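Colleague: For reference, the chains in residue letters:
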Amino acid sequence: MALKEVLLGPLYIARALATTFKHNTKPIVTIEYPERQKAVPPRERGKHILHRYADGLEKCVGCELCAIACPVGCIVVEAAENTPEHRVSPGERYAKRYEINLLRCIYCGFCEEACPYDAITMGPRYDLADDHPDKFIAVKEDLLEPLSASISDTAIPSGAPSAQPVARKW
Amino acid sequence: MAAVQTDQVTLTINGQSVTVPKGTLILDAAKKIGIDIPIFCSHPKMAPVAVCRMCLVEVEKLPKLQPACAVYVADGMVVKTTTEQVGKYQKDVLGFLLINHPLDCPICDKGGECPLQDQTYQYGPGASRFDFPKAHFDKSVPLSDKILLDRERCILCWRCTRFSEEISGERELALIQRGTNTIIGTFNDEPAQSNYQGNWTEICPVGALTSRQYRFISRPWDLDRTASICPACSMGCNIQIDARSNRIGRFQSRENVAVDDSWLCDRGRFSFPNFQRQGQERPRVRRNGSLEEVSYEEAIAFTADALKHAGGQVAGWASPADTNEELFLFSRLFREVLKSAHLDHRSGVVADAEPDDIALPIADIERCDQVVVLGGQGVIDAAPVLHLRLFKSERKGVKILKVGVTEGKRALDAIPAEAQAIGILATEADKQAAVDLQAKLAKKVKGSVRRLIVTTGPNGRGAKDLGILPHQGPGYASLNGRAGRGRLQWPGAGVKGLYVHESSPLHGFVPSDAESMWLSTLPLVVFHRFKASPLDEVAHVILPGHAFTEKYGTVTNMEGRVQRIRRGIDAEWVREDWRVLQQVANALGASWAYESVEEITGDLVRELPPYAAVNQEARVLWSEST
Amino acid sequence: MAIKPLVTKDFATENLVQLKVYERTGGYTGYKKALEMQPDALVEEVKKSGLRGRGGAGFPTGNKWSFLPKGVYPRYLVCNADESEPGTFKDRYLIEKSPHQVLEGILIASYAIGCNLAFIYIRGEYLPQHDALETAIAEAREAGYIGKNVFGKGYDIDVILHRGAGAYICGEETALLTSLEGYRGEPRLKPPFPAIKGLYGKPTVVNNVETVVNLPHIVNNGADWFKSIGTPTGAGTRVWCMSGHVNRPGNYEVENGTPIRELIEEHGGGVWKNRKLKAFQPGGASMMVLLPEHLDVGLDFDAIAKAGSLAGAGAMVVMDETTCMVDAARRYVKFFHHESCGKCTPCREGTFWMANIFDAMEAGEAKPADIDLLLEIGYGIDGRSFCPLGDASTWFPRSVIKFFRDEFQQHIAEKGCPFKKQPQEAVA
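Chains as they are written, first to last, in my numbering: chain A, 1 to 170; chain B, 1 to 626; chain C, 1 to 428.
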């Protein structure tokens with residue numbers, strides 16, 4: 001018995017190596033994250049985005065429906081009144097404070113469903129990592145669409161890496 | 001056998017039989033057996049108008065649908081509120097109401113507690129079939145510095161105009177234009193002057209009338225609601241403290257038919273900014289001329305030491321906005337521990353308080369046939385919600401005589417000898433005039449003559465009951481010649497120390513010029529208070545305390561009703577006032593061991609048995625006569 | 001059948017507006033005769049005569065009077081001269097031609113119900129008629145018909161003339177009373193009915209001008225005579241205001257029960273320009289439309305009701321074959337929307353909605369579903385609104401949809417009014 005195994009041993013090795021070499025020729029499925037990123041599906045539920053109208057005014061009116069719809073209670077909204085001198089959104093009311101605890105968020109998208117003005121949507125950003133829990137409280141400035149459009153967060157992700165991760169100290 | 005004639009009628013609603021008194025509306029009869037009929041214009045305190053047509057129900061033998069809010073029950077009536085016809089009609093009328101309603105619920109302050117929203121969900125159509133432009137009106141029109149009117153949201157239920165006409169009698173709001181162009185407004189668009197405007201926001205079934213103070217502050221579901229008592233005057237109106245994130249958003253009324261009849265005045269309703277806490281504060285003690293932050297223990301030890309030093313020559317002033325429990329401890333601290341009778345809660349000279357001052361309960365004003373308001377507007381200003389009670393009584397046929405304090409004779413002449421029940425209302429400053437008039441009237445007329453003296457502060461009556469007075473002990477007991485001095489005499493009475501306790505900036509210790517001079521020379525001023533005041537400048541110890549809205553306890557209103565106040569705002573880093581008072585007393589040698597406010601209340605009731613009324617939130621009856 | 005004038009029989013007399021002339025034609029004899037009678041007997045007489053209110057609802061006048069609670073004084077009589085139903089102009093005619101006849105009727109009614117103060121609420125736009133009445137009242141006062149202790153009978157009466165401000169709703173009796181008291185013209189909750197709690201909270205009778213003008217004749221000639229005229233359930237005559245596409249529009253007094261055909265074809269001279277009759281409305285703007293097949297219906301409350309419409313205020317609006325029924329309905333709906341007082345939701349919002357749909361229909365922007373939507377809106381208003389104004393706003397459009405649905409469909413299919421393609425003629 002043992003003799004048979006000794007004789008066939010090199011064959012086994014050759015078969016195993018053949019498998020190894022076969023895979024060498026196949027395309028690579030992993031990517032060099034974070035230098036390279038995978039494209040996300042168009043309806044990816046990542047970090048939230050607060051949108052603006054074309055004229056730059058915020059869509060959010062501070063109605064707090066997202067906050068009440070949120071099953072984990074991770075959204076805090078406080079509203080205030082627009083004045084002619086300080087106009088943030090069209091109409092009477094805007095969100096003075098808009099905060100999401102991204103650690104508590106379960107990315108269910110209910111906030112998006114609840115919003116009567118399509119002001120909040122789930123964005124493509126998923127690479128949320130940081131070194132302190134406090135840094136996961138996203139305030140309005142973190143969530144708001146930048147004034148000039150066509151900035152990464154708002155664009156629908158195409159095949160190319162959509163959101164350049166912020167440079168981090170590793 | 002002849003049928004027994006009764007004032008009860010029996011009718012059937014949705015197959016359920018219900019017996020109610022004659023003159024009951026179908027709506028109320030249905031409510032009695034738990035059947036909900038949707039309404040907008042109907043209001044229990046106002047005469048039916050049946051303008052919104054939401055409450056139409058089927059009544060057998062009548063061809064048309066009948067408004068449940070305006071049709072009185074009849075014996076054998078058969079009412080159906082859930083038939084297909086009624087259900088379809090309810091969808092129709094909500095559809096009608098919504099075609100010109102802007103549906104801007106996301107930005108509307110009423111959203112979440114809006115009857116139109118709720119009833120649309122419950123009874124309304126799922127979608128609109130109206131695809132034309134809605135009628136547009138002015139939005140957020142300032143009606144006054146307190147109220148904003150959104151004319152688009154208005155569904156013309158007339159509640160506010162009827163309030164203005166039937167409840168406050170001021171007729172400030174009116175309907176202008178007609179048809180779909182109808183709007184609510186004031187005469188010539190002048191700002192509304194009423195002192196009861198806040199009630200408009202509460203009765204409005206949509207977000208048309210909203211408070212400017214509460215504008216966009218919160219959503220109803222975010223509010224923590226606490227039942228309490230209004231801190232503004234001695235009326236003792238029941239309120240609900242609505243707070244968001246531990247900050248007061250608004251005061252809402254809470255119906256107590258015996259006191260406020262579900263209304264509030266603007267002075268009370270909009271008084272809450274006085275009770276907003278700014279930042280955290282620690283006790284302070286003046287050392288070498290400047291105040292230094294210390295711990296409570298240190299401050300209490302310092303206070304006790306200084307009070308001991310001053311001996312029996314310490315005066316105590318407690319605010320008429322303190323709770324009975326605090327006043328009880330305050331009085332014991334002075335009378336038992338410090339052996340001082342220099343106690344007061346008043347700011348000026350007023351006649352002695354007597355149990356007879358509450359002989360006329362507020363609700364009994366309606367049952368008098370003549371009411372003299374001695375001091376006219378002065379009385380109303382002291383307790384504005386009284387006006388609503390007086391106006392309601394007047395509409396019921398009670399004769400209201402508003403006379404100046406010196407015009408008692410006019411009232412005396414005007415009241416006929418055959419009057420059955422006469423009431424006299426006066427402020428405590430004018431009490432003597434009221435007593436004189438009462439004596440004269442009692443001689444002239446056959447019926448009863450009772451008075452109600454309007455006190456100062458939400459617990460002015462309690463302060464008198466508990467003997468925060470230099471010459472009367474708890475329960476109006478005589479001090480047998482061991483009376484102390486009142487506040488006005490303190491500057492010349494050799495007082496060596498002053499302990500001021502206040503929990504409401506509305507009823508604080510405001511020194512007169514003479515008092516300011518005296519205070520600056522006083523060797524000890526202990527200031528136990530909620531909010532900073534000019535008195536901080538001369539204080540040697542500042543002990544932070546809780547505000548009226550931040551604590552548990554009981555207060556006694558002008559008619560002697562003991563009602564509970566509750567903690568609407570949590571300021572737990574501030575030590576409870578009663579605990580501080582107890583620790584000061586214990587440091588001075590007492591051995592009090594109260595663990596909760598309830599224990600103090602219990603002791604208070606043991607000492608003053610009439611205060612057992614606190615258990616029913618009833619009036620304190622000092623004797624059979626009251 | 002020839003016209004058998006009753007209330008208009010002396011209208012040809014010149015200067016009938018003057019008291020002397022009116023007296024010469026037998027004026028005020030009814031009043032004098034009434035004053036000889038006991039008020040209760042007078043009420044009985046009117047009850048017996050079968051006189052029904054001419055305002056629109058056709059309620060028996062005598063019964064209305066007898067609803068007044070016994071022994072409650074003061075009580076008031078209000079004469080409703082706020083004629084504002086589109087298509088009616090008879091009160092104007094009756095007042096203009098013979099103000100004293102109106103006044104005499106008011107005085108008889110006042111005496112019968114025992115009121116000492118009568119009001120006439122006249123439409124604001126009727127200024128010449130207001131002046132005529134004012135002169136008549138002054139003349140009557142001078143002659144002692146109005147005043148203290150009339151003819152030594154111990155009866156005091158005064159008449160106050162009040163001009164409305166031009167709101168259609170004030171023709172509704174409770175709205176009229178509210179307006180008369182100086183408030184916004186809005187209907188009141190019933191019950192309590194005006195007979196129990198009316199003007200200033202006192203028992204009040206509200207009678208139409210055309211009702212009261214019958215009274216002198218009933219008193220003069222007796223109830224039995226009056227009952228012999230007209231139909232068993234509709235005694236007397238009625239003045240019909242004929243307008244629209246007829247050759248001779250105007251006021252025609254005919255005996256109740258006269259066929260509509262006679263009124264239109266004989267008195268009105270038939271449809272103008274030799275066109276065919278398309279439809280007609282027997283009761284003014286609010287009433288349902290009737291078709292040529294109904295021409296043989298008698299002019300009587302009950303007969304017209306049986307045919308599917310209502311006699312209402314007695315205005316015959318005739319429409320010829322070139323009339324766009326959708327447009328006609330649109331105009332009426334817009335009228336009701338404009339006149340809705342805004343008190344109750346169904347009428348205020350429903351008329352607004354209907355007006356919008358009709359505008360879209362006329363502009364060719366309507367959808368096929370809108371026809372049924374109109375019916376549903378009508379269903380939501382009719383019988384649900386606070387007062388009959390809301391109900392009435394739906395009757396005409398719904399009857400038009402019933403009979404002329406194809407025209408609506410044509411409007412939608414052709415994206416506009418098919419009648420607009422032909423030149424429209426002005427309606428006289």
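Please note: incorrect hints may appear among the correct ones.
Derived lysine-lysine pairs resembling BS3-like cross-links, with alpha carbons at most 30 Å apart [to be verified]: (1) 139/B <-> 96/A; (2) 91/B <-> 420/C; (3) 402/B <-> 444/B; (4) 33/C <-> 97/C; (5) 399/B <-> 197/C; (6) 420/C <-> 61/B; (7) 306/C <-> 32/C; (8) 33/C <-> 64/B; (9) 396/B <-> 202/C; (10) 396/B <-> 96/A; (11) 415/C <-> 61/B; (12) 339/B <-> 402/B; (13) 32/C <-> 190/C; (14) 97/C <-> 399/B; (15) 32/C <-> 61/B; (16) 148/C <-> 134/B; (17) 399/B <-> 339/B; (18) 227/C <-> 88/B; (19) 64/B <-> 202/C; (20) 396/B <-> 70/C; (21) 134/B <-> 202/C; (22) 334/C <-> 139/B; (23) 396/B <-> 97/C; (24) 59/A <-> 396/B; (25) 61/B <-> 70/C; (26) 399/B <-> 96/A; (27) 88/B <-> 146/B; (28) 134/B <-> 59/A; (29) 367/C <-> 415/C; (30) 140/A <-> 26/A; (31) 70/C <-> 32/B; (32) 202/C <-> 45/B; (33) 64/B <-> 190/C; (34) 420/C <-> 64/B; (35) 97/C <-> 61/B; (36) 392/B <-> 97/C; (37) 148/C <-> 202/C; (38) 420/C <-> 45/B; (39) 197/C <-> 396/B; (40) 134/B <-> 197/C.
No lab work stands behind these hints, which were simulated from the structure alone. Computed from a predicted model, the values in this text were never measured in an experiment.
Colleague: All hints are to be evaluated individually against the structure, with a verdict given for each.
Modeller: Against the structure, the hints:
At most 30 Å may separate the alpha-carbon atoms for a hinted pair to count; residue 139/B and residue 96/A meet this at roughly 21 Å. With a CA separation close to 37 Å, the supplied pair residue 91/B and residue 420/C exceeds the 30 Å bound. Of the supplied pair hints, the one linking residue 402/B and residue 444/B holds, its CA atoms being roughly 19 Å apart against a limit of 30 Å. Distance check on the hinted pair: residue 33/C and residue 97/C sit about 23 Å apart at the alpha-carbon level, within 30 Å; holds.
Distance restraint check for residue 399/B and residue 197/C: the Cα-Cα separation of roughly 24 Å lies within the 30 Å cut-off, and the hinted pair is therefore satisfied. A C-alpha spacing of about 48 Å is found between residue 420/C and residue 61/B, which places the hinted pair above 30 Å, so the restraint is violated. Between residue 306/C and residue 32/C, the direct Cα distance comes to roughly 40 Å. Violation of the 30 Å bound is thereby established for this hinted pair. A hinted pair counts as satisfied when its Cα atoms are at most 30 Å apart, and residue 33/C with residue 64/B does not qualify at roughly 43 Å.
Taken as a hint, the residue 396/B and residue 202/C pair is honoured in the structure, with Cα atoms around 19 Å apart against an allowance of 30 Å. Restraint check for residue 396/B and residue 96/A: not satisfied, since their Cα atoms lie roughly 49 Å apart, outside the 30 Å limit. With a C-alpha separation of about 46 Å, the suggested pairing of residue 415/C with residue 61/B is violated against the 30 Å cut-off. Restraint check: the Cα-Cα separation between residue 339/B and residue 402/B comes to about 45 Å, which exceeds 30 Å; the hinted pair is violated.
Between the alpha carbons of residue 32/C and residue 190/C the distance comes to roughly 36 Å, so the proposed pair goes past 30 Å and is violated. Distance check on the hinted pair: residue 97/C and residue 399/B sit about 53 Å apart at the alpha-carbon level, beyond 30 Å; violated. A C-alpha spacing of about 45 Å is found between residue 32/C and residue 61/B, which places the hinted pair above 30 Å, so the restraint is violated. Taken as a hint, the residue 148/C and residue 134/B pair is broken in the structure, with Cα atoms around 57 Å apart against an allowance of 30 Å.
Among the hinted pairs, residue 399/B with residue 339/B is inconsistent with the structure: their alpha-carbon atoms are about 50 Å apart, more than 30 Å. Taking the CA atoms of residue 227/C and residue 88/B, the gap is about 46 Å. The hint is violated against a cut of 30 Å. About 27 Å separates the Cα atoms of residue 64/B and residue 202/C, which keeps this hinted pair within 30 Å; it holds. Proximity of residue 396/B to residue 70/C is assessed by CA-CA distance (about 25 Å); at most 30 Å being required, the pair is judged to hold.
Straight-line distance between C-alpha atoms of residue 134/B and residue 202/C comes to about 42 Å, which puts the hinted pair past the 30 Å bound. For the suggested pair residue 334/C and residue 139/B, the alpha carbons sit about 26 Å apart, so the restraint of at most 30 Å is met. Straight-line distance between C-alpha atoms of residue 396/B and residue 97/C comes to about 50 Å, which puts the hinted pair past the 30 Å bound. For the proposed pair residue 59/A and residue 396/B, the alpha carbon gap of about 53 Å is over 30 Å, so the pair is violated.
Restraint check: the Cα-Cα separation between residue 61/B and residue 70/C comes to about 28 Å, which is no more than 30 Å; the hinted pair holds. Of the supplied pair hints, the one linking residue 399/B and residue 96/A is violated, its CA atoms being roughly 53 Å apart against a limit of 30 Å. Of the pairs offered as hints, the one joining residue 88/B and residue 146/B is violated, with about 40 Å between alpha carbons and a cut-off of 30 Å exceeded. Simply put, residue 134/B and residue 59/A have alpha-carbon atoms about 22 Å apart, close enough for the 30 Å limit, and the pair holds.
For the hint linking residue 367/C to residue 415/C, the alpha-carbon distance of about 9 Å falls within 30 Å, and the restraint holds. Between residue 140/A and residue 26/A the alpha-carbon distance is near 46 Å, which puts this suggested pair outside the 30 Å criterion. Restraint check for residue 70/C and residue 32/B: the C-alpha separation of about 37 Å exceeds 30 Å, so the hint is violated. The hinted pair formed by residue 202/C and residue 45/B meets the criterion: a straight-line CA distance of about 25 Å does not exceed 30 Å.
Proposed proximity of residue 64/B and residue 190/C is supported: the alpha carbons are some 13 Å apart, at most 30 Å. With a C-alpha separation of about 40 Å, the suggested pairing of residue 420/C with residue 64/B is violated against the 30 Å cut-off. Pair hint residue 97/C plus residue 61/B does not hold up; C-alpha atoms about 45 Å apart against a cutoff of 30 Å. Restraint check: the Cα-Cα separation between residue 392/B and residue 97/C comes to about 52 Å, which exceeds 30 Å; the hinted pair is violated.
Under the criterion of a C-alpha separation no larger than 30 Å, the hint pairing residue 148/C with residue 202/C is consistent with the structure, at around 21 Å. A distance of roughly 55 Å separates the Cα atoms of residue 420/C and residue 45/B; the hinted pair therefore is violated under the 30 Å criterion. Between residue 197/C and residue 396/B the alpha-carbon distance is near 18 Å, which keeps this suggested pair within the 30 Å criterion. As the CA atoms of residue 134/B and residue 197/C are separated by approximately 39 Å, the hinted pair breaks the 30 Å bound.
In this structure, the earlier hints numbered 2, 6, 7, 8, 10, 11, 12, 13, 14, 15, 16, 17, 18, 21, 23, 24, 26, 27, 30, 31, 34, 35, 36, 38 and 40 are contradicted, and the remaining ones agree with it.
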